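Student: Chain residues, written in single-letter form:
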Amino acid sequence: MNTFLSRLNTIFAFTLSVMAALTFCCFLTTAFNSHKASVYLGTGKAIVKNVPDYSANREKSDLGFIVFDMTADLTKIFNWNVKQLFLYLTAEYETKDHQLNQVVIWDKIIRRGENAMLDYRSINTKYYFWDYGNGLKGNKNVTLTLSWNVIPNAGTLPKVMGEGSHKFKFPDEYSANRF
Amino acid sequence: TGSESPIVVVLSGSMEPAFFRGDLLFLTNYREEPIRVGEIVVFKIEGRDIPIVHRVLKVHEKEDGKVKFLTKGDNNSVDDRGLYAPGQLWLEKKDVVGRARGFVPYVGIVTILMNDYPKFKYAILACLGLFVLIHRE
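Those protein sequences? They're chains A and B, same order as listed. The working numbering puts the last residue of the first sequence at 179; the count rises by one with no breaks. The working numbering puts the last residue of the second sequence at 316; the count rises by one with no breaks.
What the hints contain is simulated information worked out from the structure, not anything from laboratory work. These numbers come from a predicted model, not from an experiment. Certain hints may be false.
[Stated by the list, open to error] Below, simulated DSS-like cross-link-like pairs (lysine-lysine); rule was C-alpha separation at most 27 Å, straight line:
| no. | chain 1 | residue 1 | chain 2 | residue 2 |
| --- | --- | --- | --- | --- |
| 1 | B | Lys-273 | A | Lys-159 |
| 2 | B | Lys-247 | A | Lys-169 |
| 3 | A | Lys-76 | A | Lys-126 |
| 4 | A | Lys-169 | B | Lys-241 |
| 5 | B | Lys-298 | A | Lys-60 |
| 6 | A | Lys-169 | A | Lys-96 |
| 7 | A | Lys-96 | A | Lys-49 |
| 8 | B | Lys-247 | A | Lys-137 |
| 9 | A | Lys-45 | A | Lys-169 |
| 10 | A | Lys-83 | A | Lys-108 |
| 11 | A | Lys-49 | A | Lys-60 |
| 12 | B | Lys-247 | A | Lys-159 |
| 13 | A | Lys-159 | A | Lys-60 |
| 14 | A | Lys-167 | B | Lys-223 |
| 15 | B | Lys-245 | A | Lys-96 |
| 16 | B | Lys-241 | A | Lys-96 |
| 17 | B | Lys-241 | A | Lys-167 |
| 18 | A | Lys-140 | A | Lys-45 |
| 19 | B | Lys-223 | A | Lys-108 |
| 20 | B | Lys-272 | A | Lys-60 |
| 21 | B | Lys-223 | A | Lys-96 |
| 22 | A | Lys-108 | B | Lys-298 |
| 23 | A | Lys-159 | B | Lys-241 |
| 24 | A | Lys-83 | A | Lys-60 |
| 25 | A | Lys-159 | B | Lys-223 |
| 26 | A | Lys-159 | A | Lys-83 |
| 27 | A | Lys-167 | B | Lys-298 |
| 28 | A | Lys-137 | A | Lys-167 |
| 29 | A | Lys-169 | A | Lys-108 |
| 30 | B | Lys-273 | A | Lys-137 |
| 31 | A | Lys-49 | A | Lys-167 |
| 32 | A | Lys-159 | B | Lys-300 |
[Stated by the list, open to error] Counterexamples of contact, computed for chain B against chain A with all Cβ distances above 10 Å:
| no. | residue |
| --- | --- |
| 33 | Pro-185 |
| 34 | Val-188 |
| 35 | Leu-190 |
| 36 | Ser-191 |
| 37 | Ser-193 |
| 38 | Pro-196 |
| 39 | Arg-200 |
| 40 | Glu-212 |
We treat Cβ as the ideally placed atom computed from N, Cα and C, and that holds for glycine.
Assemble the whole structure, with the sequences as input and the hints as a guide.
Tutor: Printed below as a string of structure tokens:
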């Protein structure tokens, strides 16, 4: 009984150490991959409204509406240690209230095995493009970039920005029309 | 790593399918490193103990470094404003426990099992105690 238990204990401890070593090797085999890819982004119409933001402080803030195009081929990034890619489209801009603003306006999850070629034309944003304040009207330099977070089976979680960004402007007047 | 708890277990399903309950996350919390969208941050709401692991959706930073940001779980359809303290609309650097940098699946399931089934915890403790008593070296 005594040696049975100590053998069980030794086997258990050994199994744990081997699994830990294997997981580490699994991580090492893909630790130095580059995960880069090029992306084409474009925008169509862009308008700005100034309305109360009921999801936040109820003050009148700038709300942007855009349609955009996106083309990218991400199939080369997938390997056996990539469980999924979390894609997010960021709009980055500067206003007089805040030096840096980053707003995610669209995101998508692509799992290993799913179609990783993106080709969207004139699609709407997924999230509302609210500014914290009134800095979108007449903003001359809003940059759109597509980035992805690589989620492995085990290992590090790098964020990679796609090669290819797109700058656009918002008009100088608020629009009262429907989009 | 600069974080008060550099290893956390994922407790909820709000970041599926990236992280499931029981996965282990390795965190860092270098204060000078800026918060940017897309990062997975672990934060605590004032007055509550439970850390939440979600992704940063919006960042608004002023010149002096003061930053306000909004988070959302990948598997949730709305952002986290409903989770924040009453009247709180944004998170700040002080709410952050750490940023997720690395991940190992399943390993934390033991802590969740021990929390959900206290009898399991007592059984493990009893077995360990028994083992210590009868082990002869």
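Student: Which numbered hints turn out to be false for this structure?
Tutor: Hints 5, 13, 14, 21, 22, 24, 27, 30, 32, 38 not satisfied by this model.
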